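Novice: In case you want the letters, here they are:
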Amino acid sequence: QQQVKQSPQSLIVQKGGISIINCAYENTAFDYFPWYQQFPGKGPALLIAIRPDVSEKKEGRFTISFNKSAKQFSLHIMDSQPGDSATYFCAGEIQGAQKLVFGQGTRLTINP
Amino acid sequence: DSGVTQTPKHLITATGQRVTLRCSPRSGDLSVYWYQQSLDQGLQFLIQYYNGEERAKGNILERFSAQQFPDLHSELNLSSLELGDSALYFCASRQWGYGYTFGSGTRLTVV
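One line per chain: the protein sequences are P and L, in this order. For any residue, its number in the numbering used here is found by taking its place in the first sequence, counting from 1, and adding 361. For any residue, its number in the numbering used here is found by taking its place in the second sequence, counting from 1, and adding 51.
Hints are computed from structural coordinates only; laboratory data are not their basis. There's no promise every hint is true.
Chain L stretches covered by chain P per the calculated footprint, using a threshold of three residues with CB under 8 Å from any CB of chain P [claimed, not checked]:
{"#": "1", "segment": "87-100"}
{"#": "2", "segment": "104-116"}
{"#": "3", "segment": "151-160"}
Okay, derived cross-link-like pairs now, SDA-like style, lysine to any residue, Cα gap no bigger than 25 Å in a straight line [unchecked claim]:
{"#": "4", "chain 1": "P", "residue 1": "K403", "chain 2": "L", "residue 2": "T64"}
{"#": "5", "chain 1": "P", "residue 1": "K432", "chain 2": "L", "residue 2": "L132"}
{"#": "6", "chain 1": "P", "residue 1": "K366", "chain 2": "L", "residue 2": "Y149"}
{"#": "7", "chain 1": "P", "residue 1": "K419", "chain 2": "P", "residue 2": "T470"}
{"#": "8", "chain 1": "L", "residue 1": "K108", "chain 2": "P", "residue 2": "Q456"}
{"#": "9", "chain 1": "L", "residue 1": "K108", "chain 2": "P", "residue 2": "A406"}
{"#": "10", "chain 1": "P", "residue 1": "K418", "chain 2": "P", "residue 2": "M439"}
{"#": "11", "chain 1": "P", "residue 1": "K403", "chain 2": "P", "residue 2": "K432"}
{"#": "12", "chain 1": "L", "residue 1": "K108", "chain 2": "P", "residue 2": "Y393"}
{"#": "13", "chain 1": "P", "residue 1": "K366", "chain 2": "P", "residue 2": "P473"}
{"#": "14", "chain 1": "P", "residue 1": "K403", "chain 2": "L", "residue 2": "L132"}
{"#": "15", "chain 1": "L", "residue 1": "K60", "chain 2": "L", "residue 2": "F115"}
{"#": "16", "chain 1": "P", "residue 1": "K403", "chain 2": "L", "residue 2": "D91"}
{"#": "17", "chain 1": "P", "residue 1": "K418", "chain 2": "L", "residue 2": "Q146"}
Source: prediction; values computed, not measured. Quick reminder that beta carbons are idealized off the backbone N, C-alpha and C, glycines included.
Throw the hints in and build the complete structure from the sequences for me.
Specialist: If you want it as structure tokens, here you go:
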């Protein structure tokens, strides 16, 4: 019940296209859903996050769409650029639990 | 630079040995979190300390232990190392109400 399932495992998108990564969760106690971006040799860096009381959050080219009834959320990267090539992780956190439960990650490659 | 400092960056050691990984949180952050990243298990929460006290525990093996010192730096001790302990170990810190900030990690290789 603690799991966060992420898909796809890998994704190749042409420059300028839209990258979409999906996550699903079981635990309805999760109340914070961040997305992290990780480059090789670096730690995960917070990209964007959402709480379940909103259905969408946009920051620049990055948008989280959240569907509470389906227990799903997704990351959309508009106008994808080669510099976006990285591994992306979704996660969930239970309020007060002070720990993130991560998805398995998606390796995104943006072809120039 | 995220502000979370981890040392060493790389560590190679033999099975059965013991190692210590070190983390300094961002200035002003009282919490330290340890995560393990491996190919088969992904990113897994190990343990959290807040101002010197253990606050949350995850999938941390009994062979592993951690502590947080008065200057807020933390150490993760891994003993009786096995090949399967080879992984990236990340430390993170957090300001209340904000997201986690991760360090660049320590890559542990057990041979």
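Novice: What hints, given by number in increasing order, does this structure fail?
Specialist: Of the numbered hints, 5, 11, 13 do not hold.
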